[in-house]
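Undergrad: Since the structure of chain A is provided, determine the placement of chain B with the ligand on it from the hints.
Letter by letter, the chains look like this.
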Amino acid sequence: MNDLLLKDFVERGALERLQYERLRETLERVYNNVPFYRKSFDEAGVKPSDLKTLKDLSKFPFTNKTDLRDNYPFGLLAVPQKDIVRIHASSGTTGKPTVVCYTRHDLECWAETMCRTFQLGGATENDIFQVGYGYGLFTGGLGAHYGAERLGASVIPMGGGATEKQIMLIRDFGTTVFCGTPSYFIHLIEEAEKLGVDLKETKLRLGFFGAEPWTEAMRDLIESRTNIKAHDIFGLSEIMGPGVSADCIYHEGLHVFEDHYYPEIIDPETGELLPPGEEGEICFTNITKEGMPMIRYRTHDISRLHYERCRCGRTIVRMEKVRRRSDDMLIIHGVNLFPTQVESVLLGIPGTSPHYQLVVSRPKAMDELEIRVEVTPEAFSDQVRGLEVLRAQIASRIKQLIGLSARITLVEPGTIERSIGKAKRVIDLRNQK
Amino acid sequence: MSVKQLSIFLENRPGRLVTVAKVLGDAGVSILALSVADTKDFGILRLIVDDVAKADEALHGQGILCQISDVTAVEIGSAPGSLAFVLELFTKSGVNVEYMYAIAEPCSTHPVMVFRFDQPKAALEALAAAGIHVCTDAEVLSHGQRA
Ligand SMILES: [Zn+2]
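First to last, the sequence lines map onto chains A and B.
In short: position in the first sequence from 1, add 1266, done, that's the working numbering.
In short: position in the second sequence from 1, add 64, done, that's the working numbering.
So here's chain A without its partners, still in its complex pose:
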């Protein structure tokens, strides 16, 4: 048995004492070392010493994604630059990426929580892991990699894509565990079938999937066409990366590694802390991170926390799978997209109108983004070619600035539904089955 396993079964009283200690220490550290936090705490009239119990965290101000952007790239560091050993950045946002920095200790904590993630599904040092998340600035690849190494498994740093090769390695190396996005894995299943490879005849037994929303139907699909038990990983780079929470074999919510990431549920409108079991926006506070700790980071993900002991025996809190957000952010192929980003791209192209609609679907395994744009009288050309040029121009600007391939559909003016003056921006068809 791995020494880390016990951490998930700790008695709640002891856990809360540990959380309090770590939280208090973190608040002191950020207040003393990060001008942004000093200013925001001062403005809210709170001091680290005001934290008498864990609940007092609700007196402290929130941190938002915009705060990371405003302090780009290293303004929120709580340690000297020399102590940073790794830098990651988010993909797919207009302008500057969101940067996150890790000390050696942070990487160890991250590897630990990823290792515990894999243990939730029953992975051990005897497993052979194939990491199909992208390596690089994105936290998925390296996060899963170091977690699997921490577990003591054999790790194949495959990265995303090269599906035929992935299938070859699964067969030749006897891969037992696959990590990646669920949509990519379904694509891999389909490719394997085309090549006449039956994944049920391989040694694959476990899958850890995340970085994008996915449904029970997708879990059923994966589990019926392979011998894989599919687990859900939740995470966000601002807090650490993948492995903030994950589900056990009972799939009754995702266990949050709350001795590192302290969760709260708040009312997304008022910011008020909600009692256990209520639905609201989940926020996280880093209580062990050194490099760039986040205090009450707003995820905009809607969830619920369950503190009762799980059927698996773990005592750490479970968060319900996120099914919607309090803002209109979309995650497509693991890329975060706000409709306003599309809007700003369109505003930069003469002849398009601010009336547009995003339709996200998953016709097969992969997410597809369609952007419907109303044509304006200025842009309307008697020539098919003129409109095709406009369409290509929009597609290439979206690709260039947001990093997503989208199908652009030109529609007649006035046809995009306007609800109380405001257009209905997003139609997400992915979660409908």
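These are computed hints drawn from the structure, not numbers from a lab.
Among the clues, some could well be false.
Calculated cross-link-like contacts (lysine-lysine; reagent style DSBU-like; alpha-carbon spacing at most 35 Å) [stated by the list, open to error]: (1) A:K1460 - B:K104; (2) A:K1431 - A:K1466; (3) A:K1630 - A:K1460; (4) A:K1630 - B:K104; (5) A:K1348 - A:K1305; (6) A:K1665 - B:K104; (7) A:K1587 - A:K1321; (8) A:K1362 - A:K1325; (9) B:K185 - B:K156.
TA: Same frame as chain A, now just chain B with the ligand:
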């Protein structure tokens, strides 16, 4: 010399063409010629009508995206080879035909074709030099009504 054409943006959705036809019908506008250029997602409907200003106003009133542009209406003989002869004139003078369509008039001995050229001036010169008649709006209108 040119005639006025109405171009209308249409999404490829059932019923769009009917809507346009109804709007024009309700406004008392007659369609003399039409062509549709379409792609997978959208189309452009091009029309020659008897009252382009009235048609434009009616369509705008319904929020339908349209545009008035200039095209050339050329009287083509009905003898075999007439169209080829005219097209050859354009080729020789380096003029490209962007699109063309016929004005509906089955019994005429002088069918009229609507052309859009990349260089309308050069096209008109070539037609004039060859002695080919180019119609005015009024002629197109009377032509259409004879039918
Ligand atoms: Zn459990």
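Undergrad: Could you run down the list of hints and mark each one as holding or not?
TA: Hints and how they fare:
1. Pair hint K1460 of chain A plus K104 of chain B holds up; C-alpha atoms about 29 Å apart against a cutoff of 35 Å.
2. For the hint pairing K1431 of chain A with K1466 of chain A, the CA-to-CA distance comes to about 18 Å; that is within 35 Å, so the pair holds.
3. As the CA atoms of K1630 of chain A and K1460 of chain A are separated by approximately 14 Å, the hinted pair is consistent with the 35 Å bound.
4. The hinted pair formed by K1630 of chain A and K104 of chain B meets the criterion: a straight-line CA distance of about 21 Å does not exceed 35 Å.
5. Between K1348 of chain A and K1305 of chain A, the direct Cα distance comes to roughly 24 Å. Compliance with the 35 Å bound is thereby established for this hinted pair.
6. Restraint check for K1665 of chain A and K104 of chain B: satisfied, since their Cα atoms lie roughly 21 Å apart, inside the 35 Å limit.
7. The hinted pair formed by K1587 of chain A and K1321 of chain A meets the criterion: a straight-line CA distance of about 24 Å does not exceed 35 Å.
8. Note on K1362 of chain A and K1325 of chain A: the hinted pairing holds, with a Cα-Cα distance of about 31 Å set against a maximum of 35 Å.
9. Distance check on the hinted pair: K185 of chain B and K156 of chain B sit about 14 Å apart at the alpha-carbon level, within 35 Å; holds.
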